[in-house]
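Kindly produce the complete structure, drawing on both the sequences and the hints.
Going down the list, the sequences are from chains E and G. Read in order, the letters of the first sequence are residues 67 to 157 in the numbering used here. Read in order, the letters of the second sequence are residues 85 to 504 in the numbering used here.
Any given hint could be a false lead.
Restraint-style ranges between C-beta atoms, simulated for each label pair [unchecked claim]:
(1) G:K129 / E:E84: 44 to 50 Å
(2) E:D115 / G:G344: 35 to 41 Å
(3) G:S246 / E:E147: 17 to 23 Å
(4) E:P106 / G:E279: 24 to 30 Å
These aren't lab readings, by the way, just hints derived from the structure by calculation. Where a beta carbon is used, it is the ideal one built from N, C-alpha and C, also for glycine.
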Amino acid sequence: MAAKIRIPTPLRKLTNDEELVEVDSATIAEAINELQTRFPGIKERLLDDSGAIRRFVNVYVNEEDIRFLQNQDTALKDGDEISIIPAIAGG
Amino acid sequence: MQNNAGFMKALKCRECGREYPLTATHVCEFDFGPLEVVYDYALIKKSLTRAAIESRPNTMWRYRELLPVADGPSVGTQVGFTPLIKADRLAKALGIRELWIKNDAVNYPTLSFKDRVVSVALSRAKELGFTTVACASTGNLANSVAANAASAGLKAYVFIPSDLEHGKIVNSLIYGAQVIGIKGHYDEVNRLCAEIAGKYGWAFVNVNMRPYYAEGSKSMGFEIIEQLGWKVPQHTVVPMASGSLLTKIHKSYQEITKLGLASETPWHVHGAQATGCNPISHAQKAGLDFFKPVKPNTIAKSLAIGTPADGFYSLKVMKETHGHAEDVTDDEIREGIKMLAECEGIFAETAGGVTVGVAKKLIASGKIQAKDSAVLCVTGNGLKTLDAVTGHCGQPCEIKPSLREFEALLAAEKQSLVNA
Numbered sequence: 067m068a069a070k071i072r073i074p075t076p077l078r079k080l081t082n083d084e085e086l087v088e089v090d091s092a093t094i095a096e097a098i099n100e101l102q103t104r105f106p107g108i109k110e111r112l113l114d115d116s117g118a119i120r121r122f123v124n125v126y127v128n129e130e131d132i133r134f135l136q137n138q139d140t141a142l143k144d145g146d147e148i149s150i151i152p153a154i155a156g157g
Numbered sequence: 085m086q087n088n089a090g091f092m093k094a095l096k097c098r099e100c101g102r103e104y105p106l107t108a109t110h111v112c113e114f115d116f117g118p119l120e121v122v123y124d125y126a127l128i129k130k131s132l133t134r135a136a137i138e139s140r141p142n143t144m145w146r147y148r149e150l151l152p153v154a155d156g157p158s159v160g161t162q163v164g165f166t167p168l169i170k171a172d173r174l175a176k177a178l179g180i181r182e183l184w185i186k187n188d189a190v191n192y193p194t195l196s197f198k199d200r201v202v203s204v205a206l207s208r209a210k211e212l213g214f215t216t217v218a219c220a221s222t223g224n225l226a227n228s229v230a231a232n233a234a235s236a237g238l239k240a241y242v243f244i245p246s247d248l249e250h251g252k253i254v255n256s257l258i259y260g261a262q263v264i265g266i267k268g269h270y271d272e273v274n275r276l277c278a279e280i281a282g283k284y285g286w287a288f289v290n291v292n293m294r295p296y297y298a299e300g301s302k303s304m305g306f307e308i309i310e311q312l313g314w315k316v317p318q319h320t321v322v323p324m325a326s327g328s329l330l331t332k333i334h335k336s337y338q339e340i341t342k343l344g345l346a347s348e349t350p351w352h353v354h355g356a357q358a359t360g361c362n363p364i365s366h367a368q369k370a371g372l373d374f375f376k377p378v379k380p381n382t383i384a385k386s387l388a389i390g391t392p393a394d395g396f397y398s399l400k401v402m403k404e405t406h407g408h409a410e411d412v413t414d415d416e417i418r419e420g421i422k423m424l425a426e427c428e429g430i431f432a433e434t435a436g437g438v439t440v441g442v443a444k445k446l447i448a449s450g451k452i453q454a455k456d457s458a459v460l461c462v463t464g465n466g467l468k469t470l471d472a473v474t475g476h477c478g479q480p481c482e483i484k485p486s487l488r489e490f491e492a493l494l495a496a497e498k499q500s501l502v503n504a
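So, in structure tokens, the structure goes:
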């Protein structure tokens, strides 16, 4: 079960400049743990001390905000695309 | 990095306080917190006096020490210093002692407050060496980036939801900008632009230029204070999309009082949203300090941001200043537009209808007291959102060029007044 995660610019120093990382996880929470195993330090960038996604980090699965899905419990399937995007200003 | 940074010191993360150089970058690498410009206030205090400000041209750049450019503005030098109107007829209609309208519907050159932020963002973008600029927009920002880029000779890409009002689309195309309509909500446009911005070396005014861009909004607050005779208004009602303007109005009041240009009297900042896109006002009314994203469905398309980037800080500002938030339906928005037009002769876009409608509710509920004084921020022009009111403000009476027909019309009008 491979899903693809697009790594945003601010985190690419941790992924050795890799933009696209494949994960083999069943949920977003597991995918974050998998990233942490491969790229130590990335988890604390995404999650706050309580384990919740940081308030200025938005996570999308196939272009849908996970807050409209099941947050970190959102299930992943083969071919899913995950984006991690900082909140940006209005227009 | 440039040697000359003007009155700026650094960029600083609002969450953790880490500092970054003054480049085109907008988020903290550590926690994704937004970066904000830090100024040298001691240096600013030496040159920014009331007398100095009053001696300068009537534009937003009369407060240039508090705006984040190194060498002074090169784009949009004529922007700002829009009228502050004493709105006695609207005050009476809403039931408040004193009311003012800050009218950015006539801002130069594209008739919205966005000319302020774009003037700063493009001036700074030129300083940093960019030749291509871009934005994600609900319409007004697209218009302003397109126009100001044209006059500065910069290439512009503007990204908008494809279902925007016709007027706002034409108002971007006319300047020769590359306009890209995205089949989706603004939040989806935003997400795409965040990804594009990471890939191309452009100055995205509300992505990688955001720390500079957002500061431009403060000029609206500086002007309000100066135009009130160097007084901070008791109440300010501000429309909220991302919430950025509300936080910057508050910051402008803090800066002016901190610099001793006006005395520090208590102020309340209130936020206005449409009921069809109310993540911030919903959270404020429920007493929460975080918001839940929504899928927008409102005629106030310029405010239709379901995931407001400054939602968290807007809630904080309202809490700190004992301000309130409220939201209004599409019908109430149209009613607000009509009230402002009929009482004050000002034709605002839908966001203006939201602000008037919310002010009405806050006054009626006593959250803004009848004995107080308030400023309403009108941020955009009604000529750009004609679709929203067409069919809701009557039809012209058509007659032949005949005196008899005209007199018949007058008689009918008189009769309907008697019957009413």
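Here is how each hint holds up against the structure:
1. G:K129 / E:E84: 44 to 50 Å: Because 48 Å falls inside the window, the suggested range holds.
2. E:D115 / G:G344: 35 to 41 Å: Taking Cβ atoms as reference, E:D115 and G:G344 lie about 39 Å apart, which means the hint holds.
3. G:S246 / E:E147: 17 to 23 Å: 22 Å, holds
4. E:P106 / G:E279: 24 to 30 Å: 25 Å, holds
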